[in-house]
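2 protein chains.
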Amino acid sequence: MAVYTEVDDTTLTEFLSNYDIGSVISFAGIAEGVENSNYLLRTTKAHFILTLYEKRVQADDLPFFVELMEHLAGKGMNCPLPVAAKDGSVLSEIMGRPCAIFTFLDGTSSRFPNRTKCRNLGTALAQLHINAEGISKTRPNALGPESWKSLLDSVGSRTNELGDDMLMQVEKRLAHITSNWPNDLPRGIIHADLFPNNVLFMGDDLTGLIDFYFACEDILAYDIGICLNSWCFEADGSFNMTKSRALINGYQSVRKLSDDEINNIPVLAAGSAMRFFLTRLYDWMNTPKDALVSPKDPMEYWSILRFHQSVSGPSAYGFYQ
Amino acid sequence: MAVYTEVDDTTLTEFLSNYDIGSVISFAGIAEGVENSNYLLRTTKAHFILTLYEKRVQADDLPFFVELMEHLAGKGMNCPLPVAAKDGSVLSEIMGRPCAIFTFLDGTSSRFPNRTKCRNLGTALAQLHINAEGISKTRPNALGPESWKSLLDSVGSRTNELGDDMLMQVEKRLAHITSNWPNDLPRGIIHADLFPNNVLFMGDDLTGLIDFYFACEDILAYDIGICLNSWCFEADGSFNMTKSRALINGYQSVRKLSDDEINNIPVLAAGSAMRFFLTRLYDWMNTPKDALVSPKDPMEYWSILRFHQSVSGPSAYGFYQ
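Sequences listed follow chains A and B, in order. If you're matching positions, the first sequence starts at 1 in UniProt numbering and goes up one per residue. If you're matching positions, the second sequence starts at 1 in UniProt numbering and goes up one per residue.
Some hints here could point you the wrong way.
Pairs involving identical chains hold if they fit within one copy or between any two copies, as the list cannot separate such chains.
The list that follows gives simulated cross-link-like pairs (lysine to aspartate or glutamate, EDC-like), each with its CA atoms no further than 20 Å apart [unchecked claim]: (1) K45 - D20; (2) K45 - D106; (3) K172 - D61; (4) K55 - D193; (5) K296 - E6; (6) K149 - D20; (7) K172 - D259; (8) K149 - E171; (9) K137 - D61.
Worth flagging that the hints you see were computed from the coordinates, not collected in a lab.
Using the sequences and the hints, build the whole thing.
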């Protein structure tokens, strides 16, 4: 949570003269997003978000992200719509950073989403998968299974700082996941980071999907694994199957899963847990002590990973056999 | 700039049921204020700020701050108005922290305020001094001249990390200021931290004074010194007398300064520079490397201090003799 680049009033006013979105009423850096700097901008016309893309986001990927959001918003989904400047361009630059302005979405994220929210999230996830079809650009998953071994190797024996033999245990579990990884499931554009903090609600109604900066082309059902991990485990680490079933039922109300997809849910969810374990592990070991963002504990995802590798099959997630 | 305490949606909804301010549309931690956590709260009725008071603010001081803002807003000044809960109380608690809700003020702060803004700031400062009269509570200046020697002593010889003989030089300059400190100038409630980031404008119109958490009882003209230091020095360290004159003229259009006050401006401004030099020095030496807030360079204020101790008299600030 941070604002990495400060934008002063003079620069802002000059920048906004390129847009037809009214004049500034208020402007505040918001403590959201770990990759970018985000400002809440209120003008005489509406509320907007100004996003400055910081170093961790590849400038080459920006046209894909922007097209995806335009495409989804155009299909009626509640996601930020990039706002074009007077010259028609969407991507611009401010304070030496690439940037874009987006419509603001109402709603608040839910720290402990209930069953109804989980169902609504499942529905929106399936809609995202279907509505993303037909976009012209694509982006490989830079954090997909092929990247995991080298991510682990880059931390190496420091992994054992988390516990005795951790490196060996991670290697073993990783080998098990990759050797069982499915290669013929339906693929498409996935969000790849649809944690509760990236979904907005008013009451239980889902009003917004945000933060598309990990979106990429991958196995669609892998996205379900990411959501099961981030939405259906309680604070004490226990798995809430009622929420899982609600999420899956919501998803299937829009896009029916094949038997093959269903049977692969455990390994996909384990793979998703591995991905977040490994990136958190990397950040845990590599974040400077004076960083603005505190790294998250990788062990939370280790416990989730162990759960998925211990289940007997898809019924554990609430699929009816 | 930070949000120290996170407020989840469930806690927020329950908390807001004590208020009659509508239901939540959006809620975002904003990257402003170094002492507190601030959230921008939009409801079906209006925009508000929810402030959580963190450890550096004394809970005992909160009733004074709240009364001051109520009092000033009641006199028509553009400052945040504390919002009472249904039971009439203004100070409350959330996530184990004292907190209060305030009306939201439109406008943006100005990084490089022009002459007109400096004049408007001067006018608002004098209005604040006059309008604060008659409030029932008071608060001594915890960072007033009596505190400076012990602040310096707490850093001690580490001061020399800033340069050879710095401790001795600071002691010398400090002794000069305290031995010349006036003790019979008009006193009252001062803001004591009216830097440009605490003042909001729309165009050049001043629309808000915020962050009253250093407000206290002290010499009124000392507040002018604080503003001269933070508004009238350019980024390259040079003093802009045109802005200084505008600020002073704005002030005197509301509250005429006595000859005694005018003649003491150099020492009051030097004292103000010493105060910010010393607190920055302390923070510079004592901020943990992993802190959310980066300490500011004390040397900026050392250079300002040297300016004030080199001037020939009040004419240097644009007072007509």
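With identical chains, the pair K45 and D20 could be close in the same copy or across copies; at 20 Å between alpha carbons, which is it: within, between, both, or neither? Intra 9 Å, inter 27 Å, cutoff 20 Å: intra-copy only.
First find the shortest C-alpha distance between K149 and E171 inside one copy, then the shortest across copies, and answer within, between, both or neither for a cut-off of 20 Å. So K149 and E171 pass the 20 Å test inside one copy only (8 Å; across, 59 Å).
Under a CA distance limit of 20 Å, which applies to K137 and D61: within one copy, between copies, both, or neither? within (10 Å within a copy, 57 Å between copies)
Between K172 and D61, at a C-alpha cutoff of 20 Å, which is it: within one copy, between copies, both, or neither? Neither, since 33 Å and 58 Å both go past 20 Å.
Tell me, please, which holds for K172 and D259 at an alpha-carbon limit of 20 Å: within, between, both or neither? neither (27 Å within a copy, 82 Å between copies)
Reference check for the pair K55 and D193, CA-CA at most 20 Å: within, between, both, or neither? within (19 Å within a copy, 34 Å between copies)
20 Å Cα threshold - placement of D106 relative to K45: both (15 Å within a copy, 14 Å between copies)
My question is about K296 and E6: at a cut-off of 20 Å on alpha-carbon distance, are they close within one copy, between copies, both, or neither? between (25 Å within a copy, 15 Å between copies)
20 Å Cα threshold - placement of D20 relative to K149: So K149 and D20 fail the 20 Å test inside a copy (48 Å) and across (54 Å) alike.
The structure does not agree with the numbered hints 3, 6 and 7 stated previously, though it agrees with the rest.
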